[in-house]
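Generate coordinates for the entire structure from the input sequences, incorporating the hints supplied.
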Amino acid sequence: GGVRQGGKRRVGRRGRRRAEERRRVSAMEKLDAFEGVKLLSRNICFGCSVERFEHTSEVLGSLPAKFHLITPPSAGGEADAAPLLIWLSGLSCTDENFVNKAMPYKAAAELGLAILVPDTSPRGAGAPHEDDAYDFGTGAGFYVDATQPEYKKHYNMYSYITDELIKVAKAAAQGRVDFDRKSICGHSMGGHGALIIALKNPDMFRSVSAFAPICNPVNCAWGKKCFGGYLGGSGDSQNESWRAYDATELMLKRDGPLYANRDIMIEQGSADNFLGEKQLLPENFARACEKVGQKLDLQFREGYNHS
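Numbering (my numbering) for the sequence shown: 218 to 524.
Take these hints with a grain of salt, some might be off.
Straight line, CA to CA, 20 angstroms or less: simulated DMTMM-like cross-link-like pairs of lysine to aspartate or glutamate [as the list claims (entries may be wrong)]:
#1 K470 <-> E500
#2 K442 <-> E367
#3 K512 <-> D362
#4 K387 <-> E271
The calculated label-pair distances, taken between Cβ atoms and stated as ranges, are [as the list claims (entries may be wrong)]:
#5 F517 <-> A319: 18 to 24 angstroms
#6 D349 <-> E457: 25 to 31 angstroms
#7 E519 <-> R471: 29 to 35 angstroms
#8 K255 <-> D348: 23 to 29 angstroms
#9 R423 <-> T364: 28 to 34 angstroms
#10 E313 <-> K370: 22 to 28 angstroms
#11 G343 <-> A477: 44 to 50 angstroms
#12 G253 <-> F396: 16 to 22 angstroms
#13 D380 <-> V509: 24 to 30 angstroms
#14 K495 <-> K370: 31 to 37 angstroms
#15 R504 <-> G264: 39 to 45 angstroms
No lab work stands behind these hints: they were computed from the structure.
Model, not experiment: these values are computed from the prediction.
A virtual CB, placed ideally from N, CA and C, is assigned to each residue, including glycine.
Here's what the structure looks like:
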């Protein structure tokens with residue numbers, strides 16, 4: 218960890234890293250006093266610090282909310298703060314699915330990338346029908362702010378992701394993450410969330426990408442169910458409150474591309490059964506991008522399914 222020069226010990230890079238690690242752990246132990254942020258667990262994988270936090274969310278009606286924050290070994294103080302990727306998961310997922318199944322640690326370490334993974338809905342709201350099916354309610358917040366009386370107190374995942382989560386995660390990161398350099402990505406419902414959040418906040422993210430996203434929810438069964446429940450309405454694709462959370466419709470409303478010099482990237486499996494069932498509709502989003510001049514890198518991967 219260090220060498221001696223002239224009778225004095227000179228601390229090397231490894232020693233500085235260990236000192237920084239001790240400082241970081243000490244600071245995290247004090248997080249309970251900051252806005253109720255609690256460190257639930259912490260592990261090391263491929264040199265990355267994998268941390269799970271819980272806090273009380275005002276946006277989600279004072280319910281507890283959990284998220285994961287992965288920071289690479291290169292992330293030290295503010296001078297070495299890592300750029301951030303926000304990952305949004307799909308229907309029925311929690312903040313644990315991507316972290317445990319995708320195993321992003323090796324890539325995060327190699328790229329020097331931090332990853333923030335929130336939950337997909339509020340938990341324990343006690344709202345009607347929230348636990349009746351996988352595609353509505355618990356695990357299916359659909360990244361909207363609900364307006365219907367039964368859901369508007371708790372089901373506000375759009376505002377949670379774009380505002381409260383970022384503030385709380387910034388406190389938890391303790392200077393290790395550069396929140397001014399962030400991108401957003403997701404899968405399925407999470408891909409829908411990533412696309413609409415980027416389109417509704419054009420200056421917030423450096424890039425947006427998605428895996429098998431729900432691209433045109435006003436025209437698919439999943440979208441109609443969630444939009445009808447959270448936002449009201451009977452399935453009219455011209456409903457403005459629905460169109461405000463639809464990536465294809467948001468793109469069509471633009472006067473030009475979201476990113477003038479960058480592609481939006483979408484990866485889609487050719488064997489995805491939901492593609493054939495017209496739940497995803499990437500072809501509609503592709504036409505919208507072409508109309509406004511947005512470059513789209515849409516790749517169909519032979520043999521890959523939705524998972």
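Each hint tested on the structure:
no.	hint	in the structure
1	K470 <-> E500	holds, 17 angstroms
2	K442 <-> E367	holds, 15 angstroms
3	K512 <-> D362	violated, 29 angstroms
4	K387 <-> E271	holds, 13 angstroms
5	F517 <-> A319: 18 to 24 angstroms	holds, 20 angstroms
6	D349 <-> E457: 25 to 31 angstroms	holds, 28 angstroms
7	E519 <-> R471: 29 to 35 angstroms	holds, 32 angstroms
8	K255 <-> D348: 23 to 29 angstroms	holds, 25 angstroms
9	R423 <-> T364: 28 to 34 angstroms	holds, 31 angstroms
10	E313 <-> K370: 22 to 28 angstroms	holds, 25 angstroms
11	G343 <-> A477: 44 to 50 angstroms	holds, 46 angstroms
12	G253 <-> F396: 16 to 22 angstroms	holds, 20 angstroms
13	D380 <-> V509: 24 to 30 angstroms	holds, 27 angstroms
14	K495 <-> K370: 31 to 37 angstroms	holds, 33 angstroms
15	R504 <-> G264: 39 to 45 angstroms	holds, 43 angstroms
Checked against the numbered hints above, the structure breaks only hint 3 and satisfies the rest.
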